[in-house]
Amino acid sequence: MADENKHDEEFLHKLRHSTSHVMAQAVLEMFPEGKIAIGPPIENGFYYDFDLPRTLTPEDLAQIEKRMKEIIQGRYPFTRREVSPEEARGLYKDQPYKLELIDGILAAGTDEYGNPVEGGATLSTYKHDHFEDLCRGPHVENTSQIPADAFKLLSIAGAYWRGDEHNKMLQRIYGTVWPSRKDLTEYLEMLEEARKRDHRKLGKELELFTFDEEIGPGLPLWLPKGGIIIEELERLAKEMEYKAGYERVRTPHLAKEDLYLHSGHLPYYAESMYPPMEMEGVRYYVKPMNCPFHHKIYASKPRSYRDLPLRLAEYGTCYRYEKSGELFGLMRVRSMQMNDAHMYCSEEQFEEEFLGVVSLYLEYFRLFGIEKYVMRLSTHDKKGLGKKYVDNERLWLKTEEMVRRAMQHGNVPYLEVADEAAFYGPKIDVQVWSAIGKEFTLATNQVDFAQPGRFNLTFTNRGGQEEMPLCIHRAPLSTHERMIGFLIEHYAGAFPVWLSPVQARIIPITDRHVAYAQQVAEQLKAAGLRGDVDSTAERMQAKIRNAQLQKIPYMLVVGDKEAAASAVAVRLRTEENLGPKPLAEFIARALEAIRMRQGI
RNA sequence: GCCGACGUAGCUCAACAGGCAGAGCGGCCGAUUUGUAAUCGGCUGGUUGCCGGUUCAAUUCCGGCCGUCGGCUCCA
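Under our numbering, the first residue of the first sequence carries the number 1, and numbering increases by one thereafter.
Note that these hints are calculated values from the structure, not bench results. There may be inaccurate statements among the hints.
As the list claims (entries may be wrong) - Only pairs whose alpha carbons sit at most 27 Å apart, straight line, appear in this in silico BS3-like list of lysine-lysine:
hint	residue 1	residue 2
1	K182	K66
2	K551	K204
3	K388	K323
4	K387	K398
5	K323	K168
6	K204	K323
7	K14	K438
8	K225	K525
9	K438	K323
10	K93	K127
11	K296	K256
12	K14	K182
13	K581	K561
14	K168	K387
15	K581	K204
16	K182	K196
17	K201	K438
18	K201	K372
19	K69	K35
20	K388	K438
21	K383	K398
22	K225	K93
23	K238	K525
24	K152	K69
25	K196	K551
26	K69	K127
27	K238	K301
28	K296	K152
29	K256	K204
30	K168	K438
31	K182	K69
32	K127	K66
33	K551	K438
34	K168	K35
35	K182	K168
36	K152	K66
37	K383	K168
38	K438	K196
39	K127	K14
40	K551	K201
All chains should be built: construct the whole structure from the sequences, respecting the hints.
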């Protein structure tokens, strides 16, 4: 079975890669003077980058698709051949991007995407019809293996040559292709379904948050219902952090420039900080992170080894000037409330502290039922030392090894990726995917060996000597913005009761039941439940529909029978009808679900 | 920030090829009083994102700005 899947994967890969070649041929026929860059297969499809004399339009895509179908039906075989550097250069003398790729392959021993190739570089091409592309392959044997009714060109986008923003921007066409028409249809339907759970759409429908042009891009307004979710998440964080020995602190939203110079953030971060404001000759910045403030709290008095680990927690509000094109609903914003904490510990305590954080993550993920995530160990890259990263290779290697060891000892699977670290140390990032497939770092757990030194943070060890602590930065619940954006999609808006803004909607069948409904509401309130009464002049059916659309977990229908018996007829949003229950029984059930923070 | 598309009522969306801007939902008023996903009728609602240009006339064509979206870059 696993073997079969592997074959499927290989075939899909070849299919997608081959379709991208066919597309490139079609585009070059349309624009004979066009330049082609690269066109790899990707998850669910493929793309190809072009440098063309004019911008593409959606109508062009239809044209290109049409031509692609003709090419496919030409039943052209894909043939591979190896070419000498001279021949390759001759073949692509009018294709500057290909020439650059050839040079790269020969110089660095990499393939056309810059990945190293074992056994040195060989130049090869794949040809079908009259289109011959510099390519390592593999491909399907014949264009006829591409189902002409199972591919679709999806979008046109800009993309920098070699992914570098200093390079020219090319035009990228994204497409998708599947083994059959049915697979394609299913994929497109899946995309459609995913759009329905998009947090931007649900956030509006469920009245959780909004943006206002006059307030500013990336600055969300939390509506009352969203505010409830924030309150509940903070309550959870406070409970968990209290149990784990954290202490809560509070720090201001801005500080003098000196602080960020001192922390070392300013040179690395200036681009993404709001510009300074000046008062009486002093420059202040609104904070993009909480760490320097917490360091100052650590430094507020002499520390002993007996004080460690010291764990300072704060839901701190930070502001980062993300580039305009990078903003994305709640997932990428400019004002954010971070589930932040900094723990200061000795080297011996590091592993236990670090694993303590990881287990906190896992506890949260279990609670939320988050199963699809990847823990990524992000390490430094030698080339970035002194630029992107603090220039201390010895400590980089040492702390990276410490994290590896901690993860291995804790039996936590992780993936290691170079050149993704924070500037002050390695980190574990938790990667998740939004409904529409965008990847995000949800939470992060970072080692910091640089800032304690910059702030002269020390503690007196057992031997009476001053020692520098390590610092761990962590944010298991991410920021409220990203966490809630993610949870909206994760639950498709149907939050478990404890997070539901409205936990119970009381539905009087006729106006004469409103008084009883209000009594029920009072009792829910007294029990600490969030309930409201739908007293609109609608029929019960309409009231139920509205509650369903709002994804309210409990609908309590009350009519004559219920009023007479101090009962409520309980309907769940899953459409399960529990029938009449004594009010006290319902309240007990709801409170239990809330206490467990599970289900409805 | 870069490339491209888009922006019409609170929401979802119409308006031939420049010629007085429309529907459904919502909201308000009234009628109805109903047992598990939409009761009926009436009313209300817009300087068509903003600024400028072309034109007798601009939602429509052109330019600039703002915002959103799809990507790229970047990122909690």
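Going through the hints against the structure:
Restraint check for K182 and K66: satisfied, since their Cα atoms lie roughly 20 Å apart, inside the 27 Å limit. Pair hint K551 plus K204 holds up; C-alpha atoms about 13 Å apart against a cutoff of 27 Å. Of the supplied pair hints, the one linking K388 and K323 holds, its CA atoms being roughly 19 Å apart against a limit of 27 Å. About 19 Å separates the Cα atoms of K387 and K398, which keeps this hinted pair within 27 Å; it holds.
Restraint check for K323 and K168: the C-alpha separation of about 19 Å stays at or below 27 Å, so the hint holds. Taking the CA atoms of K204 and K323, the gap is near 24 Å; set against the 27 Å cutoff, the hint holds. Restraint check for K14 and K438: the C-alpha separation of about 24 Å stays at or below 27 Å, so the hint holds. Distance restraint check for K225 and K525: the Cα-Cα separation of roughly 16 Å lies within the 27 Å cut-off, and the hinted pair is therefore satisfied.
A C-alpha spacing of about 17 Å is found between K438 and K323, which places the hinted pair at or below 27 Å, so the restraint holds. Using a Cα cut-off of 27 Å, the hinted pair K93 and K127 holds, with the two alpha carbons roughly 17 Å apart. Distance hint between K296 and K256 is fulfilled; the C-alpha atoms sit about 13 Å from each other, no more than 27 Å. Our distance criterion of 27 Å between C-alpha atoms is met by K14 and K182, whose separation comes to about 19 Å.
Straight-line distance between C-alpha atoms of K581 and K561 comes to about 11 Å, which keeps the hinted pair within the 27 Å bound. With a C-alpha separation of about 24 Å, the suggested pairing of K168 with K387 holds against the 27 Å cut-off. About 34 Å separates the Cα atoms of K581 and K204, which puts this hinted pair outside 27 Å; it is violated. Restraint check: the Cα-Cα separation between K182 and K196 comes to about 21 Å, which is no more than 27 Å; the hinted pair holds.
Distance restraint check for K201 and K438: the Cα-Cα separation of roughly 16 Å lies within the 27 Å cut-off, and the hinted pair is therefore satisfied. About 22 Å separates the Cα atoms of K201 and K372, which keeps this hinted pair within 27 Å; it holds. At roughly 22 Å between alpha-carbon atoms, K69 and K35 fall within 27 Å of each other, so this suggested pair holds. A C-alpha spacing of about 25 Å is found between K388 and K438, which places the hinted pair at or below 27 Å, so the restraint holds.
A hinted pair counts as satisfied when its Cα atoms are at most 27 Å apart, and K383 with K398 qualifies at roughly 17 Å. For the proposed pair K225 and K93, the alpha carbon gap of about 62 Å is over 27 Å, so the pair is violated. Restraint check for K238 and K525: the C-alpha separation of about 23 Å stays at or below 27 Å, so the hint holds. About 11 Å separates the Cα atoms of K152 and K69, which keeps this hinted pair within 27 Å; it holds.
In summary, the hint linking K196 to K551 is supported, as the alpha carbons are separated by about 14 Å, within the 27 Å threshold. Annotation: proposed proximity of K69 to K127 holds, straight-line Cα distance about 17 Å (limit 27 Å). Between the alpha carbons of K238 and K301 the distance comes to roughly 25 Å, so the proposed pair stays at or under 27 Å and holds. Taking the CA atoms of K296 and K152, the gap is near 56 Å; set against the 27 Å cutoff, the hint is violated.
For the hint linking K256 to K204, the alpha-carbon distance of about 38 Å lies beyond 27 Å, and the restraint is violated. Restraint check: the Cα-Cα separation between K168 and K438 comes to about 24 Å, which is no more than 27 Å; the hinted pair holds. The straight-line distance between the Cα atoms of K182 and K69 is roughly 17 Å, inside the 27 Å bound, and the hint therefore holds. Taken as a hint, the K127 and K66 pair is honoured in the structure, with Cα atoms around 20 Å apart against an allowance of 27 Å.
A C-alpha spacing of about 25 Å is found between K551 and K438, which places the hinted pair at or below 27 Å, so the restraint holds. About 12 Å separates the Cα atoms of K168 and K35, which keeps this hinted pair within 27 Å; it holds. Under the criterion of a C-alpha separation no larger than 27 Å, the hint pairing K182 with K168 is inconsistent with the structure, at around 38 Å. A C-alpha spacing of about 10 Å is found between K152 and K66, which places the hinted pair at or below 27 Å, so the restraint holds.
For the hint pairing K383 with K168, the CA-to-CA distance comes to about 24 Å; that is within 27 Å, so the pair holds. Of the supplied pair hints, the one linking K438 and K196 holds, its CA atoms being roughly 15 Å apart against a limit of 27 Å. About 14 Å separates the Cα atoms of K127 and K14, which keeps this hinted pair within 27 Å; it holds. Of the supplied pair hints, the one linking K551 and K201 holds, its CA atoms being roughly 14 Å apart against a limit of 27 Å.
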